[in-house]
Amino acid sequence: MKVLALIPWLLAGPLATADETLDPVAVDATIDLVRITRVDELYWTLSRNASREMFAEKRITGSQLQCFESVEIETYTQAIAVFLLRDLRIEEIQSALDFYSSPTGVKFQHMAYQLNWEKNPKEFPLKVEGPKQSMNLAELTALGRFRDSAGGLRLSCPLTYLNRPEALSTIGAIFLETRMVCEDIK
Amino acid sequence: MKGFLLFLVLLAGGVAWSYTHYFSPDARHRRAASAFLAQVHMDELARVAMMAAYRTEQEKGKVTAAEVACMEGMTVVQFNEVLANLLKKKLPRRDIEVATNFYRTPAGEKFSSMILRAIAGRVPSLEMKLEGEEPSLFMEEILELDAYRKSLRSQQSVDPLQLSLDLTLDPDMAELERVQRRKCLPASKA
Chain A
1 MKVLALIPWL
11 LAGPLATADE
21 TLDPVAVDAT
31 IDLVRITRVD
41 ELYWTLSRNA
51 SREMFAEKRI
61 TGSQLQCFES
71 VEIETYTQAI
81 AVFLLRDLRI
91 EEIQSALDFY
101 SSPTGVKFQH
111 MAYQLNWEKN
121 PKEFPLKVEG
131 PKQSMNLAEL
141 TALGRFRDSA
151 GGLRLSCPLT
161 YLNRPEALST
171 IGAIFLETRM
181 VCEDIK
Chain B
187 MKGFLLFLVL
197 LAGGVAWSYT
207 HYFSPDARHR
217 RAASAFLAQV
227 HMDELARVAM
237 MAAYRTEQEK
247 GKVTAAEVAC
257 MEGMTVVQFN
267 EVLANLLKKK
277 LPRRDIEVAT
287 NFYRTPAGEK
297 FSSMILRAIA
307 GRVPSLEMKL
317 EGEEPSLFME
327 EILELDAYRK
337 SLRSQQSVDP
347 LQLSLDLTLD
357 PDMAELERVQ
367 RRKCLPASKA
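Taken in sequence, the protein lines are chains A and B.
Yeah, the first sequence ends on 186 if you go by my numbering, and it's all consecutive.
Yeah, the second sequence ends on 376 if you go by my numbering, and it's all consecutive.
Misleading hints may appear alongside valid ones.
[Unchecked claim] In silico DSBU-like pairs for lysine-lysine, Cα to Cα no more than 30 Å straight-line:
| # | chain 1 | residue 1 | chain 2 | residue 2 |
| --- | --- | --- | --- | --- |
| 1 | B | K336 | A | K132 |
| 2 | B | K275 | A | K132 |
| 3 | A | K127 | A | K58 |
| 4 | B | K369 | B | K275 |
| 5 | A | K127 | A | K107 |
| 6 | A | K107 | B | K336 |
| 7 | A | K119 | B | K369 |
| 8 | A | K107 | A | K122 |
| 9 | B | K369 | B | K248 |
| 10 | B | K336 | A | K122 |
[To be verified] Some residues of chain B that are not near chain A, with every Cβ distance over 12 Å (derived):
| # | residue |
| --- | --- |
| 11 | E258 |
| 12 | S311 |
| 13 | D332 |
Source of the hints: derived by calculation from the structure; they are not laboratory data.
As the structure is a prediction and not an experimental result, all values here were calculated from the model.
Heads up, the beta-carbon is just placed ideally off N, CA and C, and yes, glycines get one too.
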């Protein structure tokens, strides 16, 4: 019964319930921020990798693996967006979105993610292709300005921001709920 | 006996001189400041800035070419000495040494070079010759720079690079120039 109750939540996504009380502009900006920083893709990939490991260790069956892999990235996008909307002000979200959409922000993210992947591809499985990039003084100044801005104080490193117990419990809940559904835990 | 006493006196004098100039905490402090300024080329910048001002005065006909050439006689070492004395009054030796260690790394060298280039770009009259491409920092180097700046913030300390730049405007620097001006310019101009 519990499992049946969870399915619509997983399919509809948590934003469906939060939508009515939230400013649609803020919701759009937050979803854009989540997508542009690829944090949804990161946690979605990590959970897929975890389920594949479970399958390799014969802890789940092939059909259960298929069930795990049927969870769409959008589930993570929405869960993370809801968390951000609850925890941050719209000014913070908008300022972070502006920065990560700018050429300096795009370059900074490329450089940071490339280094993360090179250092620990298991924990950071988002491979960033292309040559190693670097920043000149004008770009460093723009980065410094963002760090001192409303959004930069908490979102200059989105991964560190999301690597806190409150955020991880939200993101981890998706994986746990998927396990309950796919492994038929009652 | 006399010779031995003379030897002792000379030895004692030598020890005292060495201590004052090399081994005393004050001498080590001043040496650390001097090494830092040379590392980030702030002494050179101060000299270049002063000479740029004289070139402008020459263009306006306020000083002659010979007077400017005489002012050119001021060495980077002189600027380094005055700036080092000012810097050591403002910062403890440990802070200066930490900064020197950072600015000696590839990240630190690139960053100080970026700052000098930015100054040269904003003040073309300095006529600073900057060779090669504008330096840029890789992610690992940005993290090193960030760690250095965070350590400064946590100790509520200022970056000696910024501080030494501010010190180039100190009255002691103006006095250094005035002394040379008196040597080079007639009394009516000096």
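Do the hints match the structure? See the list:
| no. | hint | in the structure |
| --- | --- | --- |
| 1 | B:K336 - A:K132 | 25 Å, holds |
| 2 | B:K275 - A:K132 | 42 Å, violated |
| 3 | A:K127 - A:K58 | 27 Å, holds |
| 4 | B:K369 - B:K275 | 28 Å, holds |
| 5 | A:K127 - A:K107 | 15 Å, holds |
| 6 | A:K107 - B:K336 | 22 Å, holds |
| 7 | A:K119 - B:K369 | 61 Å, violated |
| 8 | A:K107 - A:K122 | 23 Å, holds |
| 9 | B:K369 - B:K248 | 16 Å, holds |
| 10 | B:K336 - A:K122 | 29 Å, holds |
| 11 | E258 | 30 Å, holds |
| 12 | S311 | 20 Å, holds |
| 13 | D332 | 9 Å, violated |
Consistency note: the structure conflicts with the earlier hints numbered 2, 7, 13.
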